[in-house]
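Asks: Take a look at the letters that make up each chain.
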Amino acid sequence: MNLVLVFEQTLNGLQFGVMLFLMAAGLTLVFGIMNLVNLAHGSLYMVGAYLATWFYQLTGSFAVGVVLGLAGALAVGIVVEVVALRTLYERDHLDQVLATFGLILFFNELVAMLWGRTAIFSSLPEYLQGHVGLFGNVRYPLYRLLIIGVGLAVAALLWYMVARTRLGMLIRAGASNRTMVAALGVNIRLLYTIVFGFGAALAGLAGLLSGPIYSVQPGMGELILIQVFVVIVIGGIGSIRGALAGALIVGVVDTFGRAYLRPLLATIWSPVVADTAGPAIASMLIYVLMAIVLAFRPAGLFPVVR
Amino acid sequence: VKFSLRTWVLIVLVALLAAVPPLAAAFQQPFYLDLFRRIMIFAIAAVSLNLILGYGGMVSFGHAAYLGVGAYAVGVLAHHGITSGWLQWPLAIGASALVALAIGAVSVRTSGIYFIMITLAFTQMLYFLGVSIEEYGGDDGIRLAARSQFSGLIDLGDPASFYYLVLAILALAIFVTGRLVGSRFGRALQAARSNEPRTRAIGIAPYPYRLTAFVISGAMCGIAGALLVNHTVYLTPEFMNWTRSGELMFMVILGGIATASGPLLGAAALLLLEDLLQGWSLLPKAVTEHWQLYLGVILVLVVLFAKRGLAGLIPGKHE
Chain G
82 MNLVLVFEQT
92 LNGLQFGVML
102 FLMAAGLTLV
112 FGIMNLVNLA
122 HGSLYMVGAY
132 LATWFYQLTG
142 SFAVGVVLGL
152 AGALAVGIVV
162 EVVALRTLYE
172 RDHLDQVLAT
182 FGLILFFNEL
192 VAMLWGRTAI
202 FSSLPEYLQG
212 HVGLFGNVRY
222 PLYRLLIIGV
232 GLAVAALLWY
242 MVARTRLGML
252 IRAGASNRTM
262 VAALGVNIRL
272 LYTIVFGFGA
282 ALAGLAGLLS
292 GPIYSVQPGM
302 GELILIQVFV
312 VIVIGGIGSI
322 RGALAGALIV
332 GVVDTFGRAY
342 LRPLLATIWS
352 PVVADTAGPA
362 IASMLIYVLM
372 AIVLAFRPAG
382 LFPVVR
Chain Z
177 VKFSLRTWVL
187 IVLVALLAAV
197 PPLAAAFQQP
207 FYLDLFRRIM
217 IFAIAAVSLN
227 LILGYGGMVS
237 FGHAAYLGVG
247 AYAVGVLAHH
257 GITSGWLQWP
267 LAIGASALVA
277 LAIGAVSVRT
287 SGIYFIMITL
297 AFTQMLYFLG
307 VSIEEYGGDD
317 GIRLAARSQF
327 SGLIDLGDPA
337 SFYYLVLAIL
347 ALAIFVTGRL
357 VGSRFGRALQ
367 AARSNEPRTR
377 AIGIAPYPYR
387 LTAFVISGAM
397 CGIAGALLVN
407 HTVYLTPEFM
417 NWTRSGELMF
427 MVILGGIATA
437 SGPLLGAAAL
447 LLLEDLLQGW
457 SLLPKAVTEH
467 WQLYLGVILV
477 LVVLFAKRGL
487 AGLIPGKHE
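In order, the protein sequence lines correspond to chains G and Z. 82 is the number of the first residue of the first sequence in the numbering used here; add one for each residue after it. 177 is the number of the first residue of the second sequence in the numbering used here; add one for each residue after it.
I should point out that these hints are in silico values taken from the structure, not numbers from a laboratory. Beta carbons are placed, not taken as given, at the ideal position from N, Cα and C, and that holds for glycine. Fair warning: there could be bad hints in the mix.
Said to hold, decoys possible - On the chain G side, residues computed to face chain Z include the following (Cβ under 7 Å):
1) V118
2) H174
3) L175
4) F182
5) G183
6) F187
7) M194
8) I307
9) V311
10) I318
11) P360
12) A361
13) S364
14) A372
15) L375
16) P379
One chain only, chain G, in its complex shape:
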C-alpha cells in the first residue's frame, strides 16, 4: 500500500469524522440535558446547507452565505423548539420520535417546494479551491483541511464552554437535576432554548460545510443522521467526549472500509468476490462496529453516569 494514499485517506476519515462530530455534539447535548430524542436534527443540517448555498448564490459572497446559513439554522432551531419540541420534554421517547419524524416529513417537503426535488448546485469560492502542500509531495485539498480545523476548533470551544464557563456550569447542573436548578432561580426554559439553538447552529454549520462536498438535496439530513446515531451510541449518549471519539472512529473506519476493503478482498480472495462483497461489507462496517462495541460496553465507550 502507498503510504501517501493511506495518509490522505486518514485525513479524509478525519474530515468525515469531524463533520459527524458537529452533528453528534448538538444531538448528544440535547439528549443529555433535555432528555429529548430529536430526529429532526438532520433537518437543521439540511436547512443550514440550503440557506448557505442559496445566500451564496444570491450575494456572490461565500462568507455572507456561511453567516446567514448559521443564523438561519439557529433561528429555525429556536422556532422549532418553542413551537413543537418544548411540549415534548416531559413525554416519553416514543412520542418524541414520532413527532420529530413528522417534522422531518414537513421540512423535506418544504425544501422540495422552495428549491425543487433535485440537488442544487453548490460550489466553493476561488480562494478556497486548490490544494496545499503538507510535507514532501503530499498535497491535500484546502477546503477539507479547513473543515478539519473548524471541527477541532469547535470541539475545543465546546470543552471550554461546558467545563469552564458559567453557562456550561448551568448546563451541567440542568442535566443532573432540572428541578433543583429551577428552584435556585435559573430560567430553565430559556436555558433549554439556548442549548437547543446552539445544537441547531452546530448542525447548520455541519450542513453548510458539507454543501460543496456532498450534494444539497431534500432528505440529505437523514443519511448523515443515522450515521450520527451510530456515533453517539458508540461514544455513549449524552457524552461530548464520547461523541468526539465515536465520530473520529466512525469517520476513519467508514473511509478506510470504502477505500481498501475491495482491493484487500481482491488479493486474498478473487476480484469477482471483491466486486460484489466489497461495497456491501464496506457499507455495513460501521454498524458491525457498533454491535461489537455494544457487546462489550452496552452504554458506549464513555458512559454517562446519572
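Using the hints provided, position chain Z relative to the given structure of chain G.
Replies: Using the frame of chain G, we list chain Z on its own:
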C-alpha cells in the same frame, strides 16, 4: 360465547374487509381491492410491531427490516427460478426470524433511547446491503420474476383470491397475537414492560421473554414482507427504508398502542389519509403535490394532542 365490545369491533372490521372484493367488483373499482390489500399487508406488519412495542414496551424503530428480509427471501428465490410458495414462505419466515434473533440479541440488552437508535441503525445496515447488491437490482430494485406458486391451490395472480388470503393471514395474526398476549408468556412480557424490578423480584428474567417476543414479531413481519413483494410484484430496498419503520410505528400509535384492533385501524387510517392527500380531486393541487408537508403536520398534531389512538375511542375496559 359472549364477546366483549372490542372483540365485536374486530369481527365487524374483518366482515367489512371481506365485503370489499364483491363491492369493488360491483362498482367496477378494482383500485380499492388493491388499496385495501395493501392496507391489510401493512396491518399484519403493524400487528407484529404492536406485540413488541405495545405489549413488550420495546420501541423498535427498525421494523421495516423484517418486511425487507421476507420480501428478499421470496424475490431472491424467484430470481433463481424457485417460485414454489411452499418453499419461499417458510424460508421468508425463517430468515426474518433469524435476522430478528441476531438484531435482538444485541439490542434487547439495551433499553430506551439506545434501543431506538440501535434498531434503526441495523435496519439501515440491511437497507444499504440491499442497495449494494447489484445482482438483485441494487438501488433500483428488480421485477419479481413470478408470484409465489401454491401448486394450483391458490392463485395469487387472481386479485380476489390473493385478497382473501391476505385477510385470512391478517385475522390469524391478530388471533395468534391475542392468544400470545393472554398467555403466561404474554403476561410476563407485559409485567416486564410495566415494572422491571418487580418482575425480576418475582423470579422472571425479562431478557428471554423479550428476545422471544422480538423473534416472533420479526417472523410475523417477514410474512407481511412475503405478501408485500407479491403485492407490488417488485423487489426494492425501499421496503427497508427507515421512513417505512416510522410509518409502521405511526400505524400502531395512531390506531392505539397495545390493543387488538389498533394496528388494523391505524394502518387503514394512515394509508387512507396518504391516499386522500395524494389523490383526492377536491383538494387543491398545491396540497396533492406536496402532500407530505401536510402529512407531517398532521402526524405532529396527532402525537401532541391525541393520546389514546383510534381504538381508545371504543368504550369499555382499557388495558
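Asks: Now, for every hint given, state plainly whether the structure supports it.
Replies: Taking the hints in turn, this is what the structure says about them:
Annotation: interface hint on V118(G) holds; nearest CB of chain Z at approximately 6 Å, less than 7 Å. Because the smallest distance between the Cβ of H174(G) and any Cβ of chain Z comes to about 6 Å, under 7 Å, the interface hint for this residue holds. Below 7 Å, beta-carbon pairs count as interface contacts, and L175(G) has one with chain Z at about 5 Å; its hint therefore holds. The closest approach between the C-beta of F182(G) and any C-beta of chain Z is roughly 4 Å, which is under the 7 Å cut-off, so the hint is satisfied.
A hinted interface residue such as G183(G) counts as satisfied when its beta carbon comes closer than 7 Å to some beta carbon of chain Z; here the least separation is about 3 Å, so the hint holds. The interface hint given for F187(G) holds, since its Cβ lies 3 Å from the closest Cβ of chain Z, which is under the 7 Å cut-off. Interface restraint check for M194(G): the shortest CB-CB distance to chain Z comes to about 5 Å, inside 7 Å, so the restraint holds. A least Cβ separation of about 5 Å between I307(G) and chain Z falls short of the 7 Å threshold, and the interface hint therefore holds.
Annotation: V311(G) was flagged as interfacial toward chain Z, and the flag holds, the nearest CB pair being 5 Å apart, inside 7 Å. Evaluation of the I318(G) hint against chain Z yields a held restraint, the C-beta minimum of about 6 Å falling below 7 Å. Because the smallest distance between the Cβ of P360(G) and any Cβ of chain Z comes to about 5 Å, under 7 Å, the interface hint for this residue holds. Residue-level restraint check for A361(G) holds (minimum Cβ-Cβ distance to chain Z is 4 Å; threshold 7 Å).
Hint status for S364(G) relative to chain Z: holds, with the closest Cβ pair at about 4 Å, below 7 Å. Checking A372(G) against chain Z by beta carbon gives a least distance of about 5 Å; that is within 7 Å, so the hint holds. Given the 7 Å rule on beta carbons, the hint for L375(G) holds: about 6 Å separates it from the nearest Cβ of chain Z. Given the 7 Å rule on beta carbons, the hint for P379(G) holds: about 6 Å separates it from the nearest Cβ of chain Z.
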